[in-house]
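Using the sequences and the accompanying hints, generate a full structural model.
Protein chains in written order, with our numbering: chain C, 1 to 563; chain D, 1001 to 1100.
Keep in mind that the hints are not guaranteed to be accurate.
Said to hold, decoys possible - With a straight-line Cα cutoff of 27 Å, these simulated DSSO-like cross-link-like pairs (lysine-lysine) come out:
hint, chain 1, residue 1, chain 2, residue 2
1, C, K242, D, K1093
2, D, K1047, C, K249
3, C, K341, C, K249
4, C, K132, D, K1047
Note that these hints are calculated values from the structure, not bench results.
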Amino acid sequence: MKKFSWLSAILLASMPTIALAAGSIDGGSKQATNWSAIGMFVGFVGLTLVITYWAAKRTASAADFYSAGGGITGFQNGLAIAGDYMSAASFLGISGLVYTSGYDGLIYSVGWLVGWPIVTFLIAEQLRNLGKFTFADVTSFRLGQTEIRILAACGSLVTVAFYLIAQMVGAGKLIQLLFGLDYWIAVVLVGGLMMIYVTFGGMKATTWVQIIKAVLLLSGATFMAAAVLYKFGFSPEALFAKATEVHPKKLAIMEPGSLISNPLSAISLGLALMFGTAGLPHILMRFFTVKDAQAARKSVFYATGFIGYFYILTFIIGFGAITLVSTDAMFLDGSILEKTKSGIAAIKGGSNMAAIHLANAVGGNLFLGFISAVAFATILAVVSGLALAGASSISHDLYAMVIKGGNANEQDEIRVSKIATLVLGVLAIFLGIVFENQNVAFMVGLAFAIAASCNFPVLVMSIFWRGLTTRGAVIGGFLGLASAVLGVVLSPAVWEATLGFAKGSAPIKLDNPALFSMALAFAGIWLVSILDRSKRAAADRDGFDAQYVRSQTGIGAASATAH
Amino acid sequence: MSNLAKIERDPNYQELVRRRSSLGWMLSGVMLVIYFGFILLVAYAPKFLGIPLGSGVTTIGIPIGLSVIVLAFVLTGIYVRQANSSYDVLIRKVVEENRP
Chain C
1 MKKFSWLSAI
11 LLASMPTIAL
21 AAGSIDGGSK
31 QATNWSAIGM
41 FVGFVGLTLV
51 ITYWAAKRTA
61 SAADFYSAGG
71 GITGFQNGLA
81 IAGDYMSAAS
91 FLGISGLVYT
101 SGYDGLIYSV
111 GWLVGWPIVT
121 FLIAEQLRNL
131 GKFTFADVTS
141 FRLGQTEIRI
151 LAACGSLVTV
161 AFYLIAQMVG
171 AGKLIQLLFG
181 LDYWIAVVLV
191 GGLMMIYVTF
201 GGMKATTWVQ
211 IIKAVLLLSG
221 ATFMAAAVLY
231 KFGFSPEALF
241 AKATEVHPKK
251 LAIMEPGSLI
261 SNPLSAISLG
271 LALMFGTAGL
281 PHILMRFFTV
291 KDAQAARKSV
301 FYATGFIGYF
311 YILTFIIGFG
321 AITLVSTDAM
331 FLDGSILEKT
341 KSGIAAIKGG
351 SNMAAIHLAN
361 AVGGNLFLGF
371 ISAVAFATIL
381 AVVSGLALAG
391 ASSISHDLYA
401 MVIKGGNANE
411 QDEIRVSKIA
421 TLVLGVLAIF
431 LGIVFENQNV
441 AFMVGLAFAI
451 AASCNFPVLV
461 MSIFWRGLTT
471 RGAVIGGFLG
481 LASAVLGVVL
491 SPAVWEATLG
501 FAKGSAPIKL
511 DNPALFSMAL
521 AFAGIWLVSI
531 LDRSKRAAAD
541 RDGFDAQYVR
551 SQTGIGAASA
561 TAH
Chain D
1001 MSNLAKIERD
1011 PNYQELVRRR
1021 SSLGWMLSGV
1031 MLVIYFGFIL
1041 LVAYAPKFLG
1051 IPLGSGVTTI
1061 GIPIGLSVIV
1071 LAFVLTGIYV
1081 RQANSSYDVL
1091 IRKVVEENRP
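And the structure:
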C-alpha cells in the first residue's frame, strides 16, 4: 500500500486543475457532464492501470492468477473483502433506503453484516486449509470430483451471472446520472476495464483495485458522516429531531415501517442475507489469497469491523440526506415537488442519489466529483471480482478438473480463464444493454438466495458432516438451486413487479425463498446421503477423517507461493 | 494413513478440536439468537422498537440495531482472540509432533 500512496497523492493533488474545466449543460435524464468527477475518475483508472501493469509482470503461475500467489496479508485481505461487499448497491442503496424509510435501512444493514461472524466461526480457516483456488476445491475434497465440480460451477456461475447483470445495469444508470455519459458507453467502459484488470492482472490486480477503492470509499463516507454530525453539534438526537421534523413520515422513520410486512418474509430474507454471504463465490475466493488459516481468520475480523463501521456511516448519511438534501430546492425536481409536496419523493435521480447529493451539500462540487468517482470505482472493483470468480469456476473447476481430469497444463488453464473472462465481459456488456429498462432489483436477492441454498449447504455439510455423500450433495444442491430460482420467479417481486401479473396473484408470498429453499437443500442432502448405499458413498465417508484433520490443523494445506 | 491415526489420538489435537468446535458453534448460536431475536422484534413488535428514549425522538430501536452490528464485531473478536492465543499454540504442537 505504501508504495502507491505517493502516487495517489500526486494524482489527487492534480485534480483541482482538471476540475476547473467548464462543464456543459445537458438536458433530459442525463446529468450535466461533471468534469471534476470525470477528472478524478480518470485519475483512479490511471492508477489502477499502473497497478494492473505491475501485477501483470508478477503473474505467471496459476496460483498468481487465481489467488495472488497467497501473498496478501490478513489486513489487506480484510480491506479487499470489505471492498467486495461495500458495492455501489450497498452504499447508494442503503443510504437511499434510510433516506426514504429511515429505520428500515438499518434492518438491511444488520442482515448484511451478521453473516460475517458465521463465516469466521465455521468456514474461514477450514476453507483456507482445504482449498486452493475455488470453494469447489473444498466441497470436492473427498467427494466425486466430476459431479461436485459441475454442481459448484453451476452454483457459482448462476450466482455470479445474476449479481453481475444487476451491477452492470446499476452501473450504466448510475454513470449516466453521475457523469452525463450515454448508458451504453458506461456499460462498455465498465465491461472493458474489468476485462483489462482481470485478464492482465488476475487476482493481484483485482485485489489491489479493491483495496484502494475500499480505502477511498471508507474515507469519503467518514468525511460525509462527520460533516453531517458537525452540522448538528455531534448530537445524533439533534440530527434525528430535525429529520423527523422535515420527513413526511415524521416519527415513523424512527421505527420499523412497512418495508417488512410479513413475519415469515422477514425471517426468510434474514436467512438469505445471513447465509448467502457465506456462499458468494467471489467472497469465498478471497480466503485463498492469504498465507494461511491464521491470516484468513484475521482477515474476516478486519472485514467485519470495516463493513459494520461502513453501515453505521450509511445510516448517518441517509439521515443527513433527509435533513440537508430533501430541504434544498437545488437537489429536487420542481414538478414532482409541486405534485407530491414531499422533498423525499422529489429528489433528482431517485432515492439512490441521496448520498451523491449529500456529498454536494456538505463538500461542494469537488467532493461531489470525488464521491461520484468513488461510486464508479466501486462498481468497477466489484464487477472485476465477480468476473474473476466466474472465470475461475470455468477454467479451474470445469476445464482443468472436469474436462482434463485434473491433468491440465498450467499455462493452458490460465489461458482458458483469460478467454473465459473475455467471454464473461462481452456477455455482461450485452446483457447489461439488453436489461437496460428492466427492473433488476430482484437479481441481487436471487444471487443471495442461490448462494444460501446451493453453495452454502453443500460447503458446510462437506466440512462438518461425515455422512455426506456425493449423491446427497449433488441432489440436495440442485434441489436448493432449482427451488431458489423457482421461488424467486413466483415471488411478488418478479411475478407482479417484473412479469406484470395482477397484484396479489404471486403464488409464493415470500420476497425471498431462502426459508424453504435452504430447508429443501439441507433435507435433500441429509436424506439422500443416509439412504446412499453405493460404493462411492463408502469412499466419501471414509475420506472424512483425513479431511477433518487437515481442516483443523492445516497439515498438507496448499502453501503460500508469494515471491 | 498411520500418521492420521496418530494425529487423531494426539491429546493436543483432541483438545484443539473440542475447544475450537465448542466455541465456534456456541458463538454461531449466540449470533443466530441475537440476529433472529432482532428480526422477530422487527416482525412482531415494531412498536416496541419505536418507544422513545427519554423525552427525545431517538427510539430504543436505534441502540438495539446498532448494538447488533457492534456485537457481531465483538463476537468475531472474541473468537479471533481465543484462536490467536490458544488454538494456534495447539496447532503448532500438533504439527511439530506429527511430522511424517
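Evaluation of the provided hints:
1. Note on K242 (chain C) and K1093 (chain D): the hinted pairing is violated, with a Cα-Cα distance of about 59 Å set against a maximum of 27 Å.
2. Restraint check: the Cα-Cα separation between K1047 (chain D) and K249 (chain C) comes to about 15 Å, which is no more than 27 Å; the hinted pair holds.
3. Of the supplied pair hints, the one linking K341 (chain C) and K249 (chain C) holds, its CA atoms being roughly 13 Å apart against a limit of 27 Å.
4. Note on K132 (chain C) and K1047 (chain D): the hinted pairing is violated, with a Cα-Cα distance of about 49 Å set against a maximum of 27 Å.
Of the numbered hints stated above, those contradicted by the structure are hints 1, 4, listed in ascending order.
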